[in-house]
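As you go down the protein sequences, you meet chains A and B in turn. With this note's numbering applied, the first sequence has no gaps in its numbers, which climb one by one up to 374 at the end. With this note's numbering applied, the second sequence has no gaps in its numbers, which climb one by one up to 374 at the end.
Think of the hints as simulated: they come from the structure by calculation, not from any bench. Some clues are possibly wrong.
Same chains, same label: a pair holds when it works inside one copy or across any pair of copies.
[Said to hold, decoys possible] No farther apart than 27 Å at their CA atoms in a straight line, the calculated lysine-lysine pairs in the DSSO-like style are these: (1) LYS187 / LYS340; (2) LYS340 / LYS324; (3) LYS74 / LYS101; (4) LYS99 / LYS274.
Note that the structure is predicted; figures quoted are calculated from it, not measured.
2 protein chains.
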Amino acid sequence: MSKIDFMRIAFQLAKKGLNKTGSNPMVGAVVVKNNKIIGRGFHAEFGGPHAEVNAIKDAEDKGFSVANSKMFVTLEPCCYFKKKTPPCTQLIVKKGIKEVIIGMKDPNTKVNGKGIGFLKKHRIKTQIVDYRAQNEKLNKGFINLIRNRIPYVTLKICLTMDGKIYNLKKNGESIGDLFQLEHANLLRKEYNSVLVGINTIINDDPQLTYRGKEKIFFEQPRPIVLDSHLRIPLKSKIINLKNSPIIFTKTSSSSRKFKALTQAGCKVVTMSALEPQRILRKLSSLNIQSVLIEGGGKVFSNFLKSKLWNELIVYYSPKFLGKDGLSVSHYLDNEFLIDNKEIKIKKIGKCFMLKIS
Amino acid sequence: MSKIDFMRIAFQLAKKGLNKTGSNPMVGAVVVKNNKIIGRGFHAEFGGPHAEVNAIKDAEDKGFSVANSKMFVTLEPCCYFKKKTPPCTQLIVKKGIKEVIIGMKDPNTKVNGKGIGFLKKHRIKTQIVDYRAQNEKLNKGFINLIRNRIPYVTLKICLTMDGKIYNLKKNGESIGDLFQLEHANLLRKEYNSVLVGINTIINDDPQLTYRGKEKIFFEQPRPIVLDSHLRIPLKSKIINLKNSPIIFTKTSSSSRKFKALTQAGCKVVTMSALEPQRILRKLSSLNIQSVLIEGGGKVFSNFLKSKLWNELIVYYSPKFLGKDGLSVSHYLDNEFLIDNKEIKIKKIGKCFMLKIS
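Just chain A, same shape as in the assembly (with noise of 0.2 Å):
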């Protein structure tokens, strides 16, 4: 096998902790001897072993010796101290791997190329394989959350064509048709978090999880609930799901409502203002690396506005609602230009998505 095959094997294991590393990367490793791998792992759990310790358990749990062996890994070695687990490059070195293949540079200031500069110190020869494009896409929220500091964040919204999002006269009826609510569904396999209003969970009760394939082997999304004045019911599915639901409000953590959403499970979060970009910080301290807003529509031309989205998905069903509708814009107060460079189209069903980006 090929180089290009261990870091495709490494990569594959790194998906395994899709919303499983909370900020942390998502991270796979393989030690290979004789051109065969002997050992496998990944990042499995935030505050948990990283890859490369794992992959080299893994080897020894099967009775090999991984000195004089090579590593491939996804990111680059970690080398600081003061976090949850040693540096993984002590690790290697101690134990007598002799070259590192690695897949990307670690964006984090903290290692960002001082990895490989302590491999190579200890004569241990290492090589980048690129895998960047990759670990960018599957990393895009850990990459946020380094560069900007917040999470990152896609906002979606289902819009006729005349740019509603409710039918006023029909309550509750779903403005997509199932093939797109199957396709927004998806979408939720590769967030750690959805992000909704008050009024659509009043309004329509979400249980806000991913219902798709393998769904039993999957960490759902966080659901996030912003809802300044705490008039969520404590029936909701949200609450009874128990996926660590985080709630943000104005009111005060002495309230009694307060005390019962904690009591139920719920993280809640009392702010002055729930500003998108005060709930986004308060987010990533929290673990969070991406959010996927679903709405309804104030929360939307909020998030909209603050421009500190990273993607925009609207799909559109073929039909006007005319009167009858709520316009997505009701709440957005001035004209909102898309300056992005990248707009995909793609036919979903009988509807279009588009993928600003």
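With chain A fixed as given, assemble chain B onto it according to the hints.
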């Protein structure tokens, strides 16, 4: 050259009749002897000679005899009297043409196989070289007139992503960009007429002309304005350009403005109500085979609801106008579902286009 090659050349000739044939189809013909083209013709003017007549005349003008030749004609030759020109099948028989190769049966029930029958009866070989798909596209207006007794109707509109057609704070600012405007202008080349509401004339004073390549060889579409109270300024560009504007109004023909407009070269039609069905029926009697409806919102909504359209083209511009914008569905009282089968999407500059048919 093969039969398909000759038919292709006949079809190229047919296209030269674009917007010149009134409610007649565009038809092209070539006369072939010893595998060489000796005559070319197309239908160039409503009420003028047909393609077959012109092709025979072209051959004879060049000194050829058409006896024992083959004729390739894109549409079945006509065979009935009581129209502006004598039937082509008679001429074909009289001139001793030995074989006629036809691109498509004429859907007009007065012909529809009867032309072929007449030729066969006179021992002229006939054959179909299937050019139906191309004909249906080129002659969509004519075919729609025959089938539905109204012109082919395309609804065109440019929206912001939130379904707005007009920036209330920046009067006259275009919703689309230059690429979109160019693309939309190109559409006009394919239509006999362009229809707008009076507010579009008053607000924008448009020319409603095709301004692309080869515009000087091109028969401009007739401008059509829906103007209940004859508010159209006599100085409007569409009046000065003298492309035979048609104005639909509820104002009596005895009014001073009615007379002034008629004197200025407009066809003014008075109706008790400007309903899509009545307007389109009237247009078919005025030899209009296709209409591009360019809005604004009120006209768009009325024709959308009427379901009398064949194609819907919506451009989306990458911006949200929010409360600054007038919604396309401001005049749409009820939900309208698009149940058409075919939806195409395309990027046009930074905009994207939906084509529903």
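Outcome of the hint check:
no.: 1; hint: LYS187 / LYS340; verdict: both (12 Å within a copy, 24 Å between copies)
no.: 2; hint: LYS340 / LYS324; verdict: between (29 Å within a copy, 18 Å between copies)
no.: 3; hint: LYS74 / LYS101; verdict: within (18 Å within a copy, 93 Å between copies)
no.: 4; hint: LYS99 / LYS274; verdict: neither (38 Å within a copy, 86 Å between copies)
Checked against the numbered hints listed earlier, the structure breaks hint 4 alone; every other hint is satisfied.
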